[in-house]
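Mind docking chain B on chain A? Use the hints.
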Amino acid sequence: MLLRHTTDQVLERTALTVNPAKTCQPIGAMYAALGIHNCLPHSHGSQGCCSYHRSTLTRHYKEPVMAATSSFTEGTSVFGGQANMLTAIQTIFGVYNPDVVAVHTTCLSETIGDDMVQIVAKAVGEGKVPEGKRVIHCSTPSYQGSHVTGFASMVKAMATQLADPNAEKNSKVTLIPGWVEPSDMRELKSLAATMGVEIIMYPDTSDVLDAPHTGKHEFYPRGGTKMEDIAASGGSIGCIGLGLSGSSAAVEALEAKCKVPGQLMELPIGLQATDRFIDALRTMAGVEVPDSITDDRGRLLDMISDMHQYLAGKRVAIFGDPDQLVSMTEFLNLLDMQPVYIVTGTPTPVTGTQTPQFDVRIRKALGGNLPDAKIRSGAQADMYLLHQWIKQQKVDVLIGNTYGKYIARDEDIPFVRYGFPILDRVGHSYFPSVGYKGAMRLLEKILGVIMDRQDRDALEEKFELVM
Amino acid sequence: MSRDPRDVKEELIQIYPKKLRQKRSEQIVVTEHREDGSVPEIKANVRSSPGIITQRGCTYAGCKGVVIGPSRDILSIVHGPIGCSFYAWLTRRNQTRPHTLEDQNFINYCLSTDMQEENIVFGGEKKLKAAVKEAFELFHPKAIAIFSTCPVGLIGDDVHAVAREMKAELGINVFGFSCEGYRGVSQSAGHHIASNGVFKNVVGLNDTPHDDKFKVNMLGEYNIGGDGFVLEDLLKRCGIKQISTFSGNSTYETMANAHTADLNLVMCHRSINYVAEMMEKRFGIPWMKVNFIGADASVKSLRRIADYFEDADLKARVEEVIAEEMAVVEATQSVVKARCQGKTAMLFVGGSRAHHYQMLFSDIGMKTIAAGYEFGHRDDYEGRKVLPGLKVDADSKNIEELDVVPDPERYRARRTPEEIAKLEAMTENEFRGYVGMMPQMDDDVLVIDDLSHHETEKLLEIYKPDIFCAGIKEKFGVQKMGIPCKQLHSYDYGGPYAGFVGAVNFYKDIDRMVNMKIWSFVTPPWQSKATQQDVVAAD
Numbered sequence: 107m108l109l110r111h112t113t114d115q116v117l118e119r120t121a122l123t124v125n126p127a128k129t130c131q132p133i134g135a136m137y138a139a140l141g142i143h144n145c146l147p148h149s150h151g152s153q154g155c156c157s158y159h160r161s162t163l164t165r166h167y168k169e170p171v172m173a174a175t176s177s178f179t180e181g182t183s184v185f186g187g188q189a190n191m192l193t194a195i196q197t198i199f200g201v202y203n204p205d206v207v208a209v210h211t212t213c214l215s216e217t218i219g220d221d222m223v224q225i226v227a228k229a230v231g232e233g234k235v236p237e238g239k240r241v242i243h244c245s246t247p248s249y250q251g252s253h254v255t256g257f258a259s260m261v262k263a264m265a266t267q268l269a270d271p272n273a274e275k276n277s278k279v280t281l282i283p284g285w286v287e288p289s290d291m292r293e294l295k296s297l298a299a300t301m302g303v304e305i306i307m308y309p310d311t312s313d314v315l316d317a318p319h320t321g322k323h324e325f326y327p328r329g330g331t332k333m334e335d336i337a338a339s340g341g342s343i344g345c346i347g348l349g350l351s352g353s354s355a356a357v358e359a360l361e362a363k364c365k366v367p368g369q370l371m372e373l374p375i376g377l378q379a380t381d382r383f384i385d386a387l388r389t390m391a392g393v394e395v396p397d398s399i400t401d402d403r404g405r406l407l408d409m410i411s412d413m414h415q416y417l418a419g420k421r422v423a424i425f426g427d428p429d430q431l432v433s434m435t436e437f438l439n440l441l442d443m444q445p446v447y448i449v450t451g452t453p454t455p456v457t458g459t460q461t462p463q464f465d466v467r468i469r470k471a472l473g474g475n476l477p478d479a480k481i482r483s484g485a486q487a488d489m490y491l492l493h494q495w496i497k498q499q500k501v502d503v504l505i506g507n508t509y510g511k512y513i514a515r516d517e518d519i520p521f522v523r524y525g526f527p528i529l530d531r532v533g534h535s536y537f538p539s540v541g542y543k544g545a546m547r548l549l550e551k552i553l554g555v556i557m558d559r560q561d562r563d564a565l566e567e568k569f570e571l572v573m
Numbered sequence: 057m058s059r060d061p062r063d064v065k066e067e068l069i070q071i072y073p074k075k076l077r078q079k080r081s082e083q084i085v086v087t088e089h090r091e092d093g094s095v096p097e098i099k100a101n102v103r104s105s106p107g108i109i110t111q112r113g114c115t116y117a118g119c120k121g122v123v124i125g126p127s128r129d130i131l132s133i134v135h136g137p138i139g140c141s142f143y144a145w146l147t148r149r150n151q152t153r154p155h156t157l158e159d160q161n162f163i164n165y166c167l168s169t170d171m172q173e174e175n176i177v178f179g180g181e182k183k184l185k186a187a188v189k190e191a192f193e194l195f196h197p198k199a200i201a202i203f204s205t206c207p208v209g210l211i212g213d214d215v216h217a218v219a220r221e222m223k224a225e226l227g228i229n230v231f232g233f234s235c236e237g238y239r240g241v242s243q244s245a246g247h248h249i250a251s252n253g254v255f256k257n258v259v260g261l262n263d264t265p266h267d268d269k270f271k272v273n274m275l276g277e278y279n280i281g282g283d284g285f286v287l288e289d290l291l292k293r294c295g296i297k298q299i300s301t302f303s304g305n306s307t308y309e310t311m312a313n314a315h316t317a318d319l320n321l322v323m324c325h326r327s328i329n330y331v332a333e334m335m336e337k338r339f340g341i342p343w344m345k346v347n348f349i350g351a352d353a354s355v356k357s358l359r360r361i362a363d364y365f366e367d368a369d370l371k372a373r374v375e376e377v378i379a380e381e382m383a384v385v386e387a388t389q390s391v392v393k394a395r396c397q398g399k400t401a402m403l404f405v406g407g408s409r410a411h412h413y414q415m416l417f418s419d420i421g422m423k424t425i426a427a428g429y430e431f432g433h434r435d436d437y438e439g440r441k442v443l444p445g446l447k448v449d450a451d452s453k454n455i456e457e458l459d460v461v462p463d464p465e466r467y468r469a470r471r472t473p474e475e476i477a478k479l480e481a482m483t484e485n486e487f488r489g490y491v492g493m494m495p496q497m498d499d500d501v502l503v504i505d506d507l508s509h510h511e512t513e514k515l516l517e518i519y520k521p522d523i524f525c526a527g528i529k530e531k532f533g534v535q536k537m538g539i540p541c542k543q544l545h546s547y548d549y550g551g552p553y554a555g556f557v558g559a560v561n562f563y564k565d566i567d568r569m570v571n572m573k574i575w576s577f578v579t580p581p582w583q584s585k586a587t588q589q590d591v592v593a594a595d
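Chains as they are written, first to last, in the working numbering: chain A, 107 to 573; chain B, 57 to 595.
One chain only, chain A, in its complex shape (with noise of 0.2 Å):
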């Protein structure tokens, strides 16, 4: 037993967190700014923390992740960190020579109290930031939120502080396209592009973190936003977020910032929330649903129908980040399968004014259905949680990161890995999850799993040739 110490008693705690469900902000800022074209990210802390989000960010893509760090010792957190930046900052420029440093902050740096404006604001007044270059930063301290907080942040840093309120005003959509993956972001930018909407997304990591072999290693890969573009979208005739956990700082900052309408709407998984956003874009942009679109629509629509009879009334556990999960739960929900355990370590609300409670949002996703499904975000709100829950009661299939994999083991479980880190399987990256045809790719998955268990276990009587 690979968890033997996990029994089916629960026990209130307060303090102790085992087996988490979140991580820390640092790393989503990180993997935010990847997503802006010659950026390099830079960790304002110790060492150890730009080492550990490469890494792991790394093992998730199977790519290279380039980062900076200011390498803290124990002098600069007596004296202050500002030595450390600006040698950084000199140094970066001068060997990697990136248009954009997107900085983020550690609970070292914050717990400190570094003043990243205050240093940022000296580099530049030094000359140390090439005519132009450009130093963004936001605060993304550990103690407080999830890896998702630090991504909103660091997408709002880009709304805040490389929008511009004076760009002449364009045709086009900004499109915030929340924490999801290149394959993701590749295929909302072919949505619109389908349906003739000019969008500029940021972050946007397709062709950064997806790249392909060529023979040749780009320190800066291709893609990403340019930061010319992300200037224009604040001049764009509105803006759609998606994500709400991920998203709505950036929205509402542009809204303020720019003038740029504002419209959040969970993340466009499963076919419910991909009419929404195929519906938004079509108001916004004034233009047609073109029938490739619709016709997409239809193969999923179909697949649900011909194969609901293996999904129908079965259990689910999930777990993972807040808008991944409220967006499954109602696409679960639709293939009246039941989502009876979700949980997330991200606290909320996590930023942006207005982001309901988690706990609302999926209470809204399953639209009245299983009022007794266990829902848990936050403190202590973690795997070990939730796997006693499924000890109490087993459930049918498993979706989550590969943390998953030890509890499906134990229970034997069928598992479909979702969200972040997957560092045990490829596919994530490459194939997306949003739209139609990414519905299609996880009800492929979701299906694979409960399909395959039942041939594994069926009696030789009741092997069946045809499913």
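Check each hint, because a few of them may be wrong.
Straight-line Cα separation of at most 27 Å, BS3-like style, residue types lysine-lysine; simulated pairs [unchecked claim]:
#, chain 1, residue 1, chain 2, residue 2
1, B, 75, A, 497
2, A, 228, B, 75
3, A, 543, A, 168
4, B, 536, A, 168
5, B, 564, A, 168
The set of hints was computed from the structure by calculation and includes no laboratory data.
Below, chain B alone, put in the same frame as chain A:
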């Protein structure tokens, strides 16, 4: 390919601002063997420059992740924000094998106090105490280790006071580590802090005697990919009893019992030399540097262990085991050597592996053309003989050196000074010694400490080695250049690579990586030179 390494060194650091160039210049040397037996001095174990993109991590990683973490039944609680514990959750492949289903095994668990803002402002000791109690209720461990993260030292939470209080209240062993990430300059400070802690709080608490004739500890072996399993089995077949490992596949009780051994074998000098030295001072147990990475190296190490015990039966048994193993090794070795002879390798990793893995490469005829450590010290490069002259800089002076005196009841010098002198000579100074990386390398090779990303790219551009060995952060950037990259921290989730079994695994893995078909398919037909020529001709 045959450029003067001194020129290459200048090219590597040319782009740096002046002060940084000067600093890096002292951390890059060209090997040479001098008449007096010395090698060039390298600057090591100094702080990394902000912004340079280093491979290094932090002290907490070295303490919790490396040294204490692999022990399966010491319950580790990380006191800090959630990230530190999350990123050290199963991310190191220190395997463990409990004997029964009832044995405690905490390895797959991740425990944290998940410090919040209110803890930073008002202190986190109360939460830590409550967390320790909750952990005790859930897991009933024999021992709890508490690890400090960056904020802890700054806000003044006293994990040691909490540990003492909890020890008294719960009646089990509870101890803390001041391993905040900003201490020292790398993971190395964490190794030292961990060694101090495990020596102070664990070693010597279990006096269970063993009547085996030959008793050893394996220090600095973390059972990555099962290395430790291979070595324990190897020793067993020779009739040698392994009392404990520090710390792969270890338990609290075996580490507490370590002082009953008669010899300490040191695999990873960098991380565990501290424990070896302290055990000699306190209990009279001498230590010997061994290397079980590489077939020839393993043969040498086994023979040296047999020499130490001076037992004819043991020596005969060891030769039998060697003969059995080498028969298998030689079969694969010659096949792989035929395909890999003359190919080149670079190794930039850790504080020990960048040296030892060179032996595995030379087994299959591959040449190391550049190497360096991530967090090694000067003694890891130049040998322990430089220790007396070593200066500890400001960043490292606060890492405690324990004052160790002989144990009044249990000190027993296992060997006399004369015997020790003889052993030192017999083992070419690897008895209570370590010769370091550079003396065992060819001349005119670049040795680079704390390699930066910029230097990595330049080295690959200039030398185009057949394989580059480093860690996860380097892996995919290197491979995108069409150069295979072998992870030597994680073994690319393979291994074991220790001992004879491990050597065969390594030869096969390197053969596979270097000879993959896919490398020849990078250029699509429509971009090949032939097609370009057709296009030009057609125009």
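Structure-based check of all given hints:
The hinted pair formed by residue 75 of chain B and residue 497 of chain A fails the criterion: a straight-line CA distance of about 60 Å is larger than 27 Å. With a C-alpha separation of about 20 Å, the suggested pairing of residue 228 of chain A with residue 75 of chain B holds against the 27 Å cut-off. A distance of roughly 23 Å separates the Cα atoms of residue 543 of chain A and residue 168 of chain A; the hinted pair therefore holds under the 27 Å criterion. This hinted pair checks out: residue 536 of chain B and residue 168 of chain A have alpha carbons roughly 11 Å apart, not beyond 27 Å.
Restraint check for residue 564 of chain B and residue 168 of chain A: satisfied, since their Cα atoms lie roughly 23 Å apart, inside the 27 Å limit.
In terms of the numbered hints stated before, the structure departs from hint 1 and from no other.
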